[in-house]
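A.B. asks: Okay, here's what each chain looks like letter by letter:
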Amino acid sequence: MWEMDYKLIKKELSIYDKFVFNGNIKFHKYKNVWLAVSIETANWIVLKSLFQKRILILFINGKNIDFVLKKISNEKEHSEFIELLSIICSRNFGYINKIKHTKNIKKEKKISCCLTTSCNLRCKHCYMSAGNELKNELKFEEWKNILDQFKEENGTHVTFTGGEPLMKTFFLDLVKYAYDLGFHVAILSNGTLLDEYKISFLSRYIDKIQISIDGFDARSNYITRGNMDFDKIVNAVISFSNKGVITYVATTFTFENLNNKTSIEYEKLVNYINSKCNNKVIFRLTKKMLKGRYINYSEKENEKYNNKILKIENKINPNSFYINFIRDHNKNVVTDNCGFGGVEILSNGNIYFCNRFSDLECYGNIRKNKLKYFIEKGEEINKKTSCDNIEPCKKCDFKYICGGGCRIDDFNFNGKLKNFKKEILQTTCNSKIKNKLKESMIKSFEYYYKF
Amino acid sequence: MSIIINFKKTKKMKTKIIKLEWKEKTDINKISVGIWLKEGYCGSY
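Line by line, the protein sequences are chains C and P.
3 is the number of the first residue of the first sequence in our numbering; add one for each residue after it.
167 is the number of the first residue of the second sequence in our numbering; add one for each residue after it.
Hints in this document: simulated from the structure, not taken from any laboratory.
Among the hints, a few may not be true.
[Unchecked claim] Chain P is nowhere near these chain C residues, computed Cβ spacing over 10 angstroms in every case: (1) GLU14; (2) LYS100; (3) LYS109; (4) LEU183; (5) LYS263; (6) TYR365; (7) PHE415; (8) ASN421; (9) LEU427.
[What the hints assert, rightly or not] Below, computed lysine to any residue pairings styled on SDA-like, alpha-carbon distance capped at 20 angstroms: (10) C:LYS317 - P:ASP193; (11) C:LYS452 - C:PHE323; (12) P:LYS182 - C:PHE323; (13) C:LYS317 - P:ILE194.
Backbone N, C-alpha and C define an ideal beta-carbon position, used for all residues, glycine too.
Same shape as in the complex, but just chain P (with noise of 0.2 angstroms):
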């Protein structure tokens, strides 16, 4: 997490943008286990 905000900046200045940042994976996976009677995964859990 990456606070772009510091606390009393935002007390004293009354900042009114919050800035957030957060990460997300991207790699695309290469295998997935299931039952494949159809095109798609075949069950839910």
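Bound conformation, chain C alone (with noise of 0.2 angstroms):
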């Protein structure tokens, strides 16, 4: 009998039929188990032994399943050849008798836009240290003429934030205009400046929000955010989910209102909210620390930090990285950049190529050039930190899986690429970084699939 969370998914084949493999395959052993991974194609999947790996060569040779039958020579060898036949199948890492294009990345055209620095909160770790506004902020009509650009590029996707992007008055305003040019959009809020009417105006027009909750309860958010609208903002996240928005909670804890019940009491908070909810609302945990207002843990205090972020993450679901890892990994889908290169616009129209603004070094703004400039500076940086440019990734089998890491934190520019002369290098990357790679694919693989 199959087990309730577990969907049964049937295929039937041909014996005549045979696999085509778009990418090169390369196997790794770790373990007790062989890894095929499909380079350009992203994907992988999981031997258990030595013989599927043999079939798969005939298989990537381009032998028929009727060939490779008249090899078996008993029970246990047809089961096993059962079931990678399965295993290719489940994970689309081989089509049959058909060619599928290699190299496919995310067509989504993104930008994101700081519509103030302007907050009504003064959270502690708020790594914008956003309160006041800028001097000479964007004005509406300027917002207004940044989307028409960004529509003419033919971009799909519009994410507002701040600061409080509600601080702005035109921000509804706003929101209905990308709406009504076509984009999908997404917001980033505390949630305190939110009501009924913003609410259900918003929800018409917004595919996604991220309200971000600090804490388990009133006093625990308090500690952090310094602001009681913990209720209220519990009730916006309800209603934005319950009206058909996609909607995150993202929680920042600092070390002042994590303890020995953190995981207990967010489990609880969790399952209050999703109990009003008839979908899911998805809880984003920060795993690390940022340069904040207040705060700047140090490597080792980041350290101590994420584990005890990780206990809550288990606390709530233990096998949540394996789902999340290998639903992160779409079939198929090339990951050769952490978004770098993605254009940013801060409110006073200054343009960077990740929303870490402090740390990077402005490219321009966009009042003296075109928002096709900076797009086409932002591709042309994103292909140059890329996977395929960068070492020692270019050389790594793995490099689509992966895709890099941060380009801020792990890269020899620390995310001040203007200018920069030198070979672009990851320093980060290691044998413990690789296997921990190898250990997500195969137990992600292992968790989420029954063959």
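The task is to assemble the complex, starting from two chains supplied on their own in separate frames and drawing on the hints.
C.D. replies: If you want it as structure tokens, here you go:
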């Protein structure tokens, strides 16, 4: 009998079928299994025996199923053979008698608009130290003009953030304007300025919202955010979710509100919110504290912090890492960069290629150049820092599965790429990281699929 | 794994169709750990 949380997949193959593999297949023995990695399509499967590896090589060499069947001499081999066919089909590792294009990168074209650095809160950890607005922030007409330009560049996704974007009086109108242009709209908000009217209005025009709740109850949230609107924010989360908006709660704990009870209390919050929602809300926990207004954790402190956060994740779902890993790696979709090069517009019009603004050099201002100029510049930088062009990633079989890591934290140019002349190096990769990646690939595969 | 065709039967009767079955997880995860500066995950491993 099948367990309730699995779905059954059925497929039929003809014995005359052949598989077509679009990427170069490389094998990596790890502990007691073989990882078969399709490099160019960022796909992988896990083989449990040398026999399965040999059969896969026959398929790679163009032999059809019938040819391989004739090589099988006993029930055990037959069983492993059928399992291998299922494994290949489950991940679309090979296609039947047809060729798909090889480098399938996500097609979304995004910009992120930081509408203001103004915020009604003064969160201790805020990496933007948001509070007061910048001099000469872009006006409504200027933002509309930017969106018009983005439409001309075939843009697809717009994120509005801040500061707190609801501090801008034109915010609701701008969201509708973006929607009317056909963009998928996402917003990031602290939730404190929302009311029923604004929630109903925004729900019509946005795909996604991420609301920050930095604790498990009013007091815990107050410690970090200095605000007592906890219940109001929780209700806003529930309202958005029930109005069909994909809703995320982003939580950044600090050592001040992390204690022995945090896992249990946070789980209660997760369960409470989801019990009130028809669509599940996804909770996003920050795993690494960036330098913020009053907080600057050392590397060692961040390691300790990360371990505490993983305990919370583990309490809520021990298998969460593996589910996320396999779902974040869509079949045959390549990740060749962390997203560095994406256009981020700061409220004064300054352009950055990641929104860790304080870690980056500004590349110009939208009032001086067209958006098209910055999109092209960003694409150039994205390509320059892609796994294809950086050491040691470009020679790594796992490059499109890994993506290379954060371009600010893990590279020798620390995100400041303007006029950077040196060869770009990934500085943190080592055998420990590679083995962790292999473990994730194997365990997530074994958790997700049952053959 | 469920084997639909019988090994001997395959050999003798020359079955031309192989039926496969496997299972995939369906549960939607409620929690995710990462760096969330954007509306999606920032960084890849």
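A.B. asks: None of the hints should be skipped; say for each whether it holds.
C.D. replies: To see whether the hints hold, each was checked on the structure:
1. Not every beta carbon of chain P lies more than 10 angstroms from that of C:GLU14, the smallest distance being close to 5 angstroms; the non-interface claim is violated.
2. Here C:LYS100 stays apart from chain P, with its beta-carbon at least about 18 angstroms from theirs, past the 10 angstroms limit.
3. A cut-off of 10 angstroms between C-beta atoms confirms that C:LYS109 is not in contact with chain P; the least separation is 14 angstroms.
4. Listed as a non-interface residue, C:LEU183 keeps its Cβ farther than 10 angstroms from every Cβ of chain P; the least gap is roughly 18 angstroms.
5. Residue-level check passed: C:LYS263 sits 17 angstroms from the nearest beta carbon of chain P, beyond 10 angstroms.
6. Once the 10 angstroms rule is applied to beta carbons, C:TYR365 is consistent with being away from chain P; the minimum gap is 18 angstroms.
7. Every beta carbon of chain P lies more than 10 angstroms from that of C:PHE415, the smallest distance being close to 16 angstroms; the non-interface claim holds.
8. At roughly 25 angstroms, the least C-beta separation between C:ASN421 and chain P is larger than 10 angstroms, which holds for a residue marked as non-interface.
9. Even its closest Cβ contact with chain P, about 17 angstroms, leaves C:LEU427 beyond 10 angstroms, as expected for a residue assigned away from the interface.
10. About 16 angstroms separates the Cα atoms of C:LYS317 and P:ASP193, which keeps this hinted pair within 20 angstroms; it holds.
11. Simply put, C:LYS452 and C:PHE323 have alpha-carbon atoms about 18 angstroms apart, close enough for the 20 angstroms limit, and the pair holds.
12. For the proposed pair P:LYS182 and C:PHE323, the alpha carbon gap of about 40 angstroms is over 20 angstroms, so the pair is violated.
13. Straight-line distance between C-alpha atoms of C:LYS317 and P:ILE194 comes to about 16 angstroms, which keeps the hinted pair within the 20 angstroms bound.
In the structure shown, a violation is registered for the earlier hints numbered 1 and 12, in ascending order.
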